[in-house]
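J.: Residue-level listing of the chains:
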Amino acid sequence: MWFFRSPEIVFGEDSLSFISSLDMKKAVIVTDRHLLRTDLPGQVRRALPQGTESVVLGDVSEEPPLSEMTSHLEQIREFSPDWFIAVGGGSAMDTTKILFALYERPDLSVYDITPLVKLGLRKKSRLLAVPTTSGTGAECTWAAVLSVEGEGRKHELASPEILPDYAILDPALVMSLPPEQTRNTASDALAHAVEAYGSAWRNPFSDAFAEKAMELVSGSIIGVISEPGNVDLRNRVHIGASMAGLAFSNSQIGLVHALGHALGARFHTPHGKAVALFLPHVVEFNYASCPERYDRLNRIVPAEYRGARLSTSLENILAAMGQARCGREAGISENEFLPNLDDLVSKASESTGMVTNPKDASSADLRSLLIKAYAEGGL
Amino acid sequence: MVKFPSEEWVKEYMAKLNSNASYEDAAKGWEGAMTFVVQKDAAFDRDAYIYLDLYHGKCRDAKFSLAESDLPVPEYKYSGPYSNWRKLINKEIDPIQGLLTGKFKLQGSMMKVMRFTKAAKEMVNTTTIVQTEF
Chain A
1 MWFFRSPEIV FGEDSLSFIS SLDMKKAVIV TDRHLLRTDL PGQVRRALPQ
51 GTESVVLGDV SEEPPLSEMT SHLEQIREFS PDWFIAVGGG SAMDTTKILF
101 ALYERPDLSV YDITPLVKLG LRKKSRLLAV PTTSGTGAEC TWAAVLSVEG
151 EGRKHELASP EILPDYAILD PALVMSLPPE QTRNTASDAL AHAVEAYGSA
201 WRNPFSDAFA EKAMELVSGS IIGVISEPGN VDLRNRVHIG ASMAGLAFSN
251 SQIGLVHALG HALGARFHTP HGKAVALFLP HVVEFNYASC PERYDRLNRI
301 VPAEYRGARL STSLENILAA MGQARCGREA GISENEFLPN LDDLVSKASE
351 STGMVTNPKD ASSADLRSLL IKAYAEGGL
Chain B
1 MVKFPSEEWV KEYMAKLNSN ASYEDAAKGW EGAMTFVVQK DAAFDRDAYI
51 YLDLYHGKCR DAKFSLAESD LPVPEYKYSG PYSNWRKLIN KEIDPIQGLL
101 TGKFKLQGSM MKVMRFTKAA KEMVNTTTIV QTEF
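Note that the protein sequences, when read in sequence, are chains A and B. Per the numbering used here, residue 1 is the first one in the first sequence, and the count goes up by one each step. Per the numbering used here, residue 1 is the first one in the second sequence, and the count goes up by one each step.
In case anyone wonders, no lab produced these hints; they're calculated from the structure. Here the structure is a predicted model, which means the values were calculated and not measured. Do not take every clue at face value.
[As the list claims (entries may be wrong)] Derived pair list, reagent style DSBU-like, types lysine-lysine, alpha-carbon separation capped at 35 Å:
hint, chain 1, residue 1, chain 2, residue 2
1, A, Lys118, B, Lys40
2, A, Lys124, B, Lys77
3, A, Lys118, B, Lys16
4, B, Lys87, A, Lys359
5, A, Lys212, B, Lys91
With the rest of the complex left out, here is chain A (with noise of 0.2 Å):
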């Protein structure tokens, strides 16, 4: 027995308007600080149902810590919204979700958001996600990722009941999104996409999401980052993402990410360019365990980027990206690196992703791995 979750999805081009068909009253718009300096919550605003009152929240940084996530829901309480409505990128998509069940469950504590605790939400509000990026596949999963303050950890909180009702995937809201997010983002998708199929709970459903999310992504990306303003190579992409999303939230992370999430709480490296650096390395170190699966979605890469296997075709997308290619190219120095090691290990060993990636890995696997990903040539 096994699930396949999934919000309802309207996309293509003027799906934000969508949002005026709904039955809302009270909505608190949850955005971040650069977002707030730009028209994208404007738009959302504008896309309310008439009469309905709203608050936007536009402070969320990068990666918010949980005392900075939970600062308004005093506020949120008073106000008593029936939406809450996500618009951004993985921090605001996250933060709103915490928000939402703390909302919902003022006695909940934000570690009970686990698949095992039965949260009974949706008594006095609803979830919408509303991405400004492509590539964290948030809008579409079960998963909350928290920056715990003082401990350079990722938490990995994860609840079917956070899965956002409606995901909005309106290309006009990422056509203005900056190279360097486009390209970390899209980063994200392939890990996203390539961890699904190569999961240990991989299943038909997931599959699926994960074949079609690496055709769109590896086929487009490289012409949205030499073409921005191209409608329709953002549309792929943008839909892509939210499918790689799709399957590993019904088939879970791997090393990769249990990778990612530790160096990027240790460095604050963005988590697209985290999992970069990790995602040729841990496919080649994979490969030996699902040799089959990955060399049928070796086959769906472009024919100018596709190599002998899939790690080297994920280098030369990677590359063809600009994407950095290792720890030092990321601006890690080493004298930084190398005293982290022991605790990037340890951190990584308790991702959730060690036990779903498609080989064991033991503490001497993953410290090799974090060395690669560091600096390819050795240390």
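Given chain A, work out where chain B should sit, using these hints.
T.: Chain B alone, transformed into the frame defined by chain A:
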């Protein structure tokens, strides 16, 4: 072959767990006891309890009882009907998916255990290498 659940099975399980290098590696930061609760069902007519004192990747003590009150209070309980335990030991159920689909229940602090999912999986995987009869 040792019968599940029984005192003999628990001793064999403890020995296998203490020789499982993957468990030792994954659980080196773990401190806390766990009780496996085997709940009665159509195939097994009484509840049974397996208490495991776990510390830094080793099992320091293991006890079997048919009365929960005979055993120390654990930090965690992993519970399921006898027939699901049989499927688990026969590798017909993934231990974590078993939790997510309601075939098993876990009681205790989620905050701590979610950082030791690999150790939890290795603990349950170790049940599959005990030569078990039912």
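J.: Please verify whether Lys118/A and Lys16/B have alpha carbons no more than 35 Å apart.
T.: OK: Lys118/A and Lys16/B at ~34 Å, within 35 Å.
J.: Has the given pair, Lys118/A with Lys40/B, been kept, meaning a C-alpha gap of at most 35 Å?
T.: 24 Å, holds
J.: Taking 35 Å as the top limit, are the C-alpha atoms of Lys124/A and Lys77/B close enough?
T.: At roughly 33 Å apart (the allowed maximum being 35 Å), Lys77/B and Lys124/A satisfy the hint.
J.: Taking only the CA atoms, is the gap from Lys212/A to Lys91/B under or equal to 35 Å?
T.: 31 Å, holds
J.: Would you check the hint for Lys87/B and Lys359/A, treating anything up to 35 Å between C-alpha atoms as holding?
T.: Holds - the C-alpha atoms of Lys359/A and Lys87/B are around 23 Å apart, at most 35 Å.
Every hint, counting from the list given before, is met by this structure.
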